[in-house]
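Engineer: Letter by letter, the chains look like this.
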Amino acid sequence: QKEVEQNSGPLSVPEGAIASLNCTYSDRGSQSFFWYRQYSGKSPELIMFIYSNGDKEDGRFTAQLNKASQYVSLLIRDSQPSDSATYLCAVNEGTNFGNEKLTFGTGTRLTIIP
Amino acid sequence: GAVVSQHPSRVICKSGTSVKIECRSLDFQATTMFWYRQFPKQSLMLMATSNEGSKATYEQGVEKDKFLINHASLTLSTLTVTSAHPEDSSFYICSAFPGTGFNEKLFFGSGTQLSVL
Numbered sequence: 001q002k003e004v005e006q007n008s009g010p011l012s013v014p015e016g017a018i019a020s021l022n023c024t025y026s027d028r029g030s031q032s033f034f035w036y037r038q039y040s041g042k043s044p045e046l047i048m049f050i051y052s053n054g055d056k057e058d059g060r061f062t063a064q065l066n067k068a069s070q071y072v073s074l075l076i077r078d079s080q081p082s083d084s085a086t087y088l089c090a091v092n093e094g095t096n097f098g099n100e101k102l103t104f105g106t107g108t109r110l111t112i113i114p
Numbered sequence: 115g116a117v118v119s120q121h122p123s124r125v126i127c128k129s130g131t132s133v134k135i136e137c138r139s140l141d142f143q144a145t146t147m148f149w150y151r152q153f154p155k156q157s158l159m160l161m162a163t164s165n166e167g168s169k170a171t172y173e174q175g176v177e178k179d180k181f182l183i184n185h186a187s188l189t190l191s192t193l194t195v196t197s198a199h200p201e202d203s204s205f206y207i208c209s210a211f212p213g214t215g216f217n218e219k220l221f222f223g224s225g226t227q228l229s230v231l
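For the protein sequence lines, the chains are A and B, in the order given. Under the working numbering, the residue at position 88 of the first sequence is numbered 88, and the numbers go up by one with no gaps. Under the working numbering, the residue at position 77 of the second sequence is numbered 191, and the numbers go up by one with no gaps.
Among these hints, one or two may not hold up.
Facing chain A, from chain B, some residues (calculated, C-beta under 10 Å) [as the list claims (entries may be wrong)]:
{"id": "1", "residue": "Thr163"}
{"id": "2", "residue": "Glu173"}
{"id": "3", "residue": "Ile207"}
{"id": "4", "residue": "Ser209"}
{"id": "5", "residue": "Lys219"}
{"id": "6", "residue": "Gln227"}
In short, the hints are calculated from the structure, not lab data. Even glycine gets a Cβ: it sits at the ideal position worked out from N, Cα and C.
All chains, please: the whole structure from these sequences, using the hints.
Structural biologist: Pasting the structure below:
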């Protein structure tokens, strides 16, 4: 049974600070990792994906991957109230997305405090 | 960009009735679509993988006779919740992968909130 673990939160961060979201996964063979943002009652939207160990930056977002520790994180710099949402970590066993399924974590609820 | 359309967005039905949810890829072909279910404050749980022209692959614990999936064309998959009961009330979401050139995005439908009375 493949598992993806996240702290459910809620995580409260002051506006302008850095929000740090963490995720661990059980399947050492996992190849690709995703962070989705989901607003209440809405579908998830992709924020970032990462395949290789290290950091990947996109605007205010940085994904960090450590395959040896089976750990992936998402940093949000200069947090804004609009970043308040549930963040889902998802793991794929390969890179053939068309035919492979994602395993989602339970999500971390993030609240940015103005 | 790739769009996945899902209808209806919300449905309320009586216990014992069947409900059909449609998932369409509007500007791309999808040989594979995925159906998820999400209970309040929980994550997405994959129910089944819908394969065009063949039987769906169901996840462990998901009743294939209760959740009927039909992927009749490359742009349409349907999920029918048969003889719905209150415990089936949930947020159902479909997704599809349009292929290379879309930044590895898995596109999600807007979801269907099912409430069974």
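Engineer: Let's test the interface hint: is any C-beta of chain A closer than 10 Å to that of Ile207 of chain B?
Structural biologist: Hint on Ile207 of chain B: holds, closest Cβ of chain A at ~5 Å, below 10 Å.
Engineer: A closest beta-carbon separation below 10 Å is what the hint needs, so does Ser209 of chain B meet it against chain A?
Structural biologist: holds (8 Å)
Engineer: Less than 10 Å between beta-carbons is the criterion; does Thr163 of chain B satisfy it with respect to chain A?
Structural biologist: holds (6 Å)
Engineer: Quick one, is the Lys219 of chain B hint okay against chain A at 10 Å, beta carbons?
Structural biologist: Interface hint status for Lys219 of chain B: holds (5 Å vs cutoff 10 Å).
Engineer: Using 10 Å as the Cβ threshold, decide whether Glu173 of chain B counts as touching chain A.
Structural biologist: With a closest approach of 8 Å, the Glu173 of chain B hint holds.
Engineer: Taking the least C-beta to C-beta distance, is Gln227 of chain B closer than 10 Å to chain A?
Structural biologist: With a closest approach of 7 Å, the Gln227 of chain B hint holds.
Checked against the numbered hints above, the structure breaks none of them.
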